[in-house]
Every structure is written in C-alpha cells, then in structure tokens.
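Enquirer: Now for the letters of each chain:
There are 2 protein chains.
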Amino acid sequence: MAVYTDISEDELAKFLSVYDAGNLMSYKGIAEGVENSNFLLHTDKAPYILTLYEKRVDPGDLPFFLGLMQHLADHGLSCPLPVARRDGSLLGELAGRPAALISFLEGMWLRKPEARHCREVGAALAQMHLAGEGFTITRKNALSVSGWRPLWDKSESRADEVEPGLAAEIRAELGFLESHWPSGLPTGVIHADLFPDNVFFLDDHLSGLIDFYFACNDVLAYDLSICLNAWCFEKDWSYNITKGMALIEGYQSVRPLSGAEIDALPVFARGSALRFFLTRLYDWIMTPPGAMVTKKDPKEYLRKLRFHQHVRSAAEYGLEMPVPSMKVTV
Amino acid sequence: MAVYTDISEDELAKFLSVYDAGNLMSYKGIAEGVENSNFLLHTDKAPYILTLYEKRVDPGDLPFFLGLMQHLADHGLSCPLPVARRDGSLLGELAGRPAALISFLEGMWLRKPEARHCREVGAALAQMHLAGEGFTITRKNALSVSGWRPLWDKSESRADEVEPGLAAEIRAELGFLESHWPSGLPTGVIHADLFPDNVFFLDDHLSGLIDFYFACNDVLAYDLSICLNAWCFEKDWSYNITKGMALIEGYQSVRPLSGAEIDALPVFARGSALRFFLTRLYDWIMTPPGAMVTKKDPKEYLRKLRFHQHVRSAAEYGLEMPVPSMKVTV
Chain A
1 MAVYTDISED ELAKFLSVYD AGNLMSYKGI AEGVENSNFL LHTDKAPYIL
51 TLYEKRVDPG DLPFFLGLMQ HLADHGLSCP LPVARRDGSL LGELAGRPAA
101 LISFLEGMWL RKPEARHCRE VGAALAQMHL AGEGFTITRK NALSVSGWRP
151 LWDKSESRAD EVEPGLAAEI RAELGFLESH WPSGLPTGVI HADLFPDNVF
201 FLDDHLSGLI DFYFACNDVL AYDLSICLNA WCFEKDWSYN ITKGMALIEG
251 YQSVRPLSGA EIDALPVFAR GSALRFFLTR LYDWIMTPPG AMVTKKDPKE
301 YLRKLRFHQH VRSAAEYGLE MPVPSMKVTV
Chain B
331 MAVYTDISED ELAKFLSVYD AGNLMSYKGI AEGVENSNFL LHTDKAPYIL
381 TLYEKRVDPG DLPFFLGLMQ HLADHGLSCP LPVARRDGSL LGELAGRPAA
431 LISFLEGMWL RKPEARHCRE VGAALAQMHL AGEGFTITRK NALSVSGWRP
481 LWDKSESRAD EVEPGLAAEI RAELGFLESH WPSGLPTGVI HADLFPDNVF
531 FLDDHLSGLI DFYFACNDVL AYDLSICLNA WCFEKDWSYN ITKGMALIEG
581 YQSVRPLSGA EIDALPVFAR GSALRFFLTR LYDWIMTPPG AMVTKKDPKE
631 YLRKLRFHQH VRSAAEYGLE MPVPSMKVTV
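Quick mapping for you: the protein sequence lines, in order, are chains A and B.
Here the first sequence is numbered in this note's numbering, starting from 1 and rising by one per residue.
Here the second sequence is numbered in this note's numbering, starting from 331 and rising by one per residue.
Calculated directly from the structure, the hints in this document are not laboratory data.
Being a predicted model, the structure only gives us computed values, none of them experimental.
The beta-carbon is built from N, C-alpha and C at its ideal position, and this holds for glycine as well.
Sample of chain A residues with no beta-carbon within 10 Å of chain B, all distances over it, derived:
(1) Gly134
(2) Trp152
(3) Gly184
(4) Asn198
(5) Arg306
Listed next, with one range per pair, are the computed distances between beta-carbon atoms:
(6) A:Gly259 x B:Lys375: 48 to 58 Å
(7) A:Glu234 x B:Tyr349: 28 to 38 Å
(8) A:Ser238 x B:Tyr334: 26 to 36 Å
Same shape as in the complex, but just chain A:
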C-alpha cells in the first residue's frame, strides 16, 4: 500500500485539461499497488484511477501495459481501460512522472475466495489468454525460468537464515527446473500475477481483472499454474483440490488444455512456486529491520513448492482425466 508522490490540485487540473474526463471534484491517494502511486478521482462525469509510475517501473514498458489493457478491453475482457487524451495518446506526465488516467472498475477482491469463485477466475484467465491474441507489442518475462538464477545469486548466501539447508534445496530445484522446463507449448500474453487482490467480484460474480503490470509474453499454461498457487491453497498452506478442480474446469470451459499442457502443469507449478519464493526471499533479506512494510513470508511458497515436488500428474490438482466412457443407449 503506497502513495509515494503527493500531487497538488493545480497540477492535477492541468493534467486533466487534455482529457474529456469532466471536472475534478476530489482525489484521494489509495492504499493499493506497491510499485506505483494510485489516486481515486471523482469528476462530475465518473470515477477514475490515476496512476503515477514510480521509478521501479521501466517507462519503456508503459506502451505495452496501457496498450494491452486497451486491447483486452476492446476484445471483451472486463478490465480497467486507459482513457485517451484528446491527442489519442494514453500516457501523460504529472509531478515529473509518467501518469495515466484509467477507468474505475467497481468490484471488490475476495479475502476468502471459494471454489465457485476459482471457477470464474479460471474462465477469466482463459478469456484473457484468448483476448490477448493479436496484440502486437511484446514484453519478455523477466521473472520466468531464465530470470531465476540471477535473482537466486543475490539471495543464496543468506537463504539458510530462513531455514537450515535451504540453500542446497533451492539450488537443486533450480537445476531441475532449468533442465526440465517444458518447451514448445502455446504462448501468448499472460497476466503473471493473477492473485486474489487482482480480481474483482460484484454480487458474487467476477467483475474484472486489474493490475497488468507484470503481464508479458510467456507460456499460457504457466499462467494457470500461477493461479493454482495463488488461489487453491488454504491459509494453513494445504492444497484444496476442490478449488483446483474448479479453477482448471473454469479455464477449460473457455480454452481447453492440450495433453502436453496438462502434462506440464506440475513442473510449471513448481516453477511458479519457486518464482514467488525467490522474489519474497529477496524482499525478506533486503528489507531493513524496522521498516514499516509487511514482509511476506517466503516460507509460504517453499511449502507450496514442496507440495508440487510430490505431484506426479495434473490429476492431483483436481484435473478430471479422460476415462474410457461407457455409452448407454436408451
């Protein structure tokens, strides 16, 4: 939760003067997002989100992020829509930072999602994968398998502080994933961070997806494995197969998985567990003591990783495997 940059009414009014977004009535810094400063604006026309991109975001990525939201919305996905300036561009500048005005999406994220919600999340993820087709800008996934070793190199020497023996365990896992990472599977634009706080619900139904600032081009089934990790474990870190089944069924109701994608799910799930483990470990080590931020426990993803290491097939995630069917003719 963060607002890194304060803005004055004057500069905000000037920023808004090149949009047809109505007259400014109020703006509040909101405690959302960890990379950027976000404000909820009311004008006499509508509510909006104003995002100021802080230094952790590469300005070169902004045409991808904003263009993607526009492309996805144009192709029927419910997501925030960047508002175009009168000159047609999606990006402005405010308080010395790149800034975008984005439509406000009503809805709330679920602190305690249930299986029926996981089903809708799976379907929405598949819809996003299909809607992303034809988007022409590309962005490499810096946090996929080739990016993990450089990240690990920065944390390895202190990993045993989290748990004795951890450095050797992660070294072995990283080696395994680098040599067994599936190739040749369908790729496209993935969300790469579809956690519960990035999915809004309204009246118990999914109302939209937000926060595309980790989106990139990668293997589609890998994105599904991120959702398995993010949605289908309980607070005690146990795997809930009912949720897993619902998530995968929801996904397949929109975009059926191939046999090769299904076979690859356990390795992808190990990979995505390792990916979140590594960034959390890095943040854990690098956050100075006394800093008033909530450090996320890297052990959560260590436990999930160990679970996936014992999974022999996607059936254990709840995926209904094809069985020889008996046709009954009445």
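Since the structure of chain A is provided, determine the placement of chain B on it from the hints.
Expert: Just chain B now, with coordinates in the frame of chain A:
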C-alpha cells in the same frame, strides 16, 4: 497516510446491512488521517467514508466527535455527516473496532492556499464556532495550556538535540504562557486542528471542513490563532500579513472579535505555536530511526513561536485597527 486494518467484503457487507446506504460496489483504503483507518466506499447510492477508530482514539470520545459533526451539519456547516443506522445510532463495530459510516464530501485541500482562501477559512471557522452553540456534549482540550507541561516533561531531556539551548528557551516560554494565559474570554466548540488538509475547496471556493477528531471545548480566539499558524506562514516560514489580514477579516465578517479577544491573539498564537512544536518534538524524538513515516520538523513551529514572541499587538497579524474615521458627505 494509513490503513491499519484490512477488512473483508463479507464483514463490510454485514456492517452495512443495518444502514440504508445502498449496495456495496467497491471500497479502497485511503491514505488519509494518521490516527484511524479510512476507506472510500462506493455503493449504488452514493460515495461514503468509512472510518475505523484505531487504538489511539478513546472510544469514550466518539459520541462527542460524531454528535458534533451531526450538530454542525444540522446547523448549516458544510462538513461530513455521520450516517445513522436504522436504530438511530451513529456508531457500529467492524473488525473489532468502533466504526462509523460518514457522508463523502467532495472537494480538495489546497497545497498552496492564497489570501482569498484564507478569508473563506476564517469565515468558515467563525461559522463553526457559531454552529457549535447548543451542542450539549463537552470534551476537555487535553492539548491546551495545562496539557503542555506533561508533554514537555517527556521531551525536555532531549530537546537540545534539536538545537543547543532549546530546553532553556522552551522552559521559559512555558512558564510565561502558564502565567500569562488569558482568561474570561468566550469559549465554545473549537476545531483545534484546522490545517489546510482539513479544509476542502471546489471551484476555488470552500466546500467544507473535515476531521473533527481534535475538536474540544476551549477559547474561540485560540482556535483562530491555530489558523494563523497553519495558514498564514509561507514555506520559508515567513509570516504573510496579507493572508493574516484576510483570515481575520473573514472570521470577523461572521463573528466580530471583542477587544479582549484581539488583545489576547499574540499570546494565543505563541501558545498554539508551542502546542504544535511540543507534539512534533515528541514525535520527532519517539519515532525510531528507519521508520517509514514522514517526521514533521519541530523547528517549523519553533520559528513561528519566535515570530509571535516579537509581536506587540494583533495589528502585526494584519488586523485592521479602528482608526478615527472622517465622514465625507457628498
């Protein structure tokens, strides 16, 4: 800026079920207030502010704060209005904390107020002083002259870290104020914290006052002296007499000051400068190094205090003194 408590959609929906406030569509933690957690809610009826009172607020004070807002709004002041539950009460409970739903006041606070805004602030302060008449609950000002010495006792030993010789200077000032504090002047409900971030403007006119969580019963002219300190100094801590004149004129356009109140202004201004100096000094000393909060510089109020020590009469604040007038008959 703070959101200390996260709330789930479920518990929020349950909380709202005893209000006629419409159906919840979204809620965002907002970076406003330092004592409580605040959320901006959208329902299908209106926007609202939801405040969760955290442990620094005495629950025994809440009937005063909420009742005051209701009383002031009923008497024509533009300020947030607590929404009554169906049982008529203004206070509920959410996430184990006392919580209130409050109408959302459109408007923005000014980062760079000018003299014309100070005039409106003065008038609104006087309107509040008049509107507060007849409010039957009372609350003592814990941060008036009798409360300063206990606060000072906690900081005195480290005051010289801020500036050598400071302990002796503040000791002398405290002694002076305790023995020269004016008595017998009109009292009533004062805001006690009417800084720029607590006054909203819309289309360049004042749209309302917020944050009554320091409000209490005290001398009315003392409240005006707080505004002199909060509104009429520039970023370089120099006093702007044009703003001072506008603030006082605005106040007197609604509630003329008596001669005794005018005479007391310089001492009250010293007192209110000392009051904010002391709380800032305390926070400065008590905030651990590395804590990610913005510490406000206590020297700002030290400089203001020294300015007021050299003021001989309220004329130096910009107050127009009565002069023998020449009547010209045309």
